[in-house]
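Q: Sequence:
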Amino acid sequence: MMTSKPAALTWFGPKLILACALGIATLAGCASGPTRPTTPVYSGNERPEPTRPPRPDAPDPRIDEDEIGVRELADIGPEGYTPPHMAADVSSQDLVRVGVLLPLTSPNAGVRREAEGLLAAIEMALFDSRIANAVLLPKDTAGDTETTRQVTQIALAEGADVILGPLFAANVRAAAEIAREAETPLISFSTDRTAAGDGAYLLSVTPEEEVERIVDWAALKGIERFAMFGPRTTYGRRVDAALRYEATRRGAAVFASEFYDANDPSPVLPAQNLAAMVNAEAELAPGKVAVLIPERGVRLRAVAPLMPYYDVDLSIVTLLGTGLWNDPEVWREPSLFGGAFAAPDPDAIASFDETYAGEIGQEAPRLASLGYDAAALAVALGEADALSPEALERGDGFVGVNGLFRFNPDGVSEHGLAVLQVSETAGARIVDRARTSFDADGS
1 MMTSKPAALT WFGPKLILAC ALGIATLAGC ASGPTRPTTP VYSGNERPEP
51 TRPPRPDAPD PRIDEDEIGV RELADIGPEG YTPPHMAADV SSQDLVRVGV
101 LLPLTSPNAG VRREAEGLLA AIEMALFDSR IANAVLLPKD TAGDTETTRQ
151 VTQIALAEGA DVILGPLFAA NVRAAAEIAR EAETPLISFS TDRTAAGDGA
201 YLLSVTPEEE VERIVDWAAL KGIERFAMFG PRTTYGRRVD AALRYEATRR
251 GAAVFASEFY DANDPSPVLP AQNLAAMVNA EAELAPGKVA VLIPERGVRL
301 RAVAPLMPYY DVDLSIVTLL GTGLWNDPEV WREPSLFGGA FAAPDPDAIA
351 SFDETYAGEI GQEAPRLASL GYDAAALAVA LGEADALSPE ALERGDGFVG
401 VNGLFRFNPD GVSEHGLAVL QVSETAGARI VDRARTSFDA DGS
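Under this note's numbering, think of the first position of the sequence shown as 1, with each following residue one higher.
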């Protein structure tokens, strides 16, 4: 089937650029484009960066006239908020206003780090786009649903053409309900498919998509029998359901699912039970059995060794993982050698991580690259006045720092994922590259 060219990842000096095909827009400028601004444009609820002093009198426009002063009201014209320093140079109608909803003051330190990384990457994309009329409207949801509703209303009152975020599914639903009434698209970073649809798009790679990719690879390698060994959590249940669905689609079977308490540091009894079943299957069909372990970090390094400890022969049984395995810290675990998992192209991510570290001065959090892709796409389509379902749901998709992706009509994204195999000598190496194009008809 004929395919049309998706977005293309290119370089602009040291910057990563996302270029959109078919002349809709470019997700960055070209050499003859406008001069790159020395600082991004902000408004409302500004988060001062540790390396930069806070700007004086940062505008904080509100919806209720009684809650704000005359100056802020004057800044919100018919088209939305216009920064005072831009008012004389650009028509308010020409601005691309990007609302950003993130839990910047979440009580969870890990969540705060991810939120700050997303915002930093969004700022990077704004710089790299060279679109001089883009205005960033960052808002702090604090990870709270009611606060999310309030700041969504504020962003829309300021004229947001598109909203990036939030991070959690419950907050995505709250924001999407309000954005939908304003016919404003929302691109979020949740992995919960139930939060997508009707104007809400999920950019994150979902567990279901990772399972689909790794099961497809395993089936092509001749694996016909699958087992799941994972935590008794919502995530673990989702992975198990996806594994059963994908195995059935390929004429394979899931012969066992063993769950353990997510707080158990060493789930010995579940491991013994599963190992006995795996060994029985492997004796009947050596080389055709796999165990999927959806764990990360220290927990993965504690759980995976239980399989060989209880006599599972990893020379004839393959261990599989989700994107949670995409962590160099776990690749040193001997029981994972030969195991495989699905993830975005590591070469593209490495380039982004290097650029991020050089500009921000610290390691990129796990989700940061998604913020870059979301912002690059948003400002390009906004500049072309193409922030519509038709443009966002292009069948041939886009290419960003996470590789190929597209939004399906149900709001869930689809990605070109690679399969990586853990090696004793090379860390994790690509054994099956990500696809480089989608069919324009959506197949």
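Hints may contain errors.
Here are the computed distance ranges between Cβ atoms for each label pair [unchecked claim]:
1) THR234 with ARG366: 15 to 25 Å
2) SER266 with GLU393: 18 to 28 Å
3) ARG250 with ASP385: 37 to 47 Å
4) THR234 with GLY297: 12 to 22 Å
5) ARG433 with THR194: 49 to 59 Å
6) ILE430 with ASP410: 28 to 38 Å
7) ALA276 with ASP347: 37 to 47 Å
8) GLY297 with THR425: 46 to 56 Å
9) ARG332 with GLU393: 33 to 43 Å
10) SER388 with ASP261: 43 to 53 Å
11) GLN150 with ASP327: 34 to 44 Å
12) ASP385 with THR425: 44 to 54 Å
13) ILE430 with ASP198: 32 to 42 Å
By construction, these hints were calculated from the structure, which means they are not laboratory data.
Where a beta carbon is used, it is the ideal one built from N, C-alpha and C, also for glycine.
Q: Check the structure against each numbered hint from earlier and tell me which ones fail, lowest number first.
A: Per hint list: 2, 5 and 8 violated.
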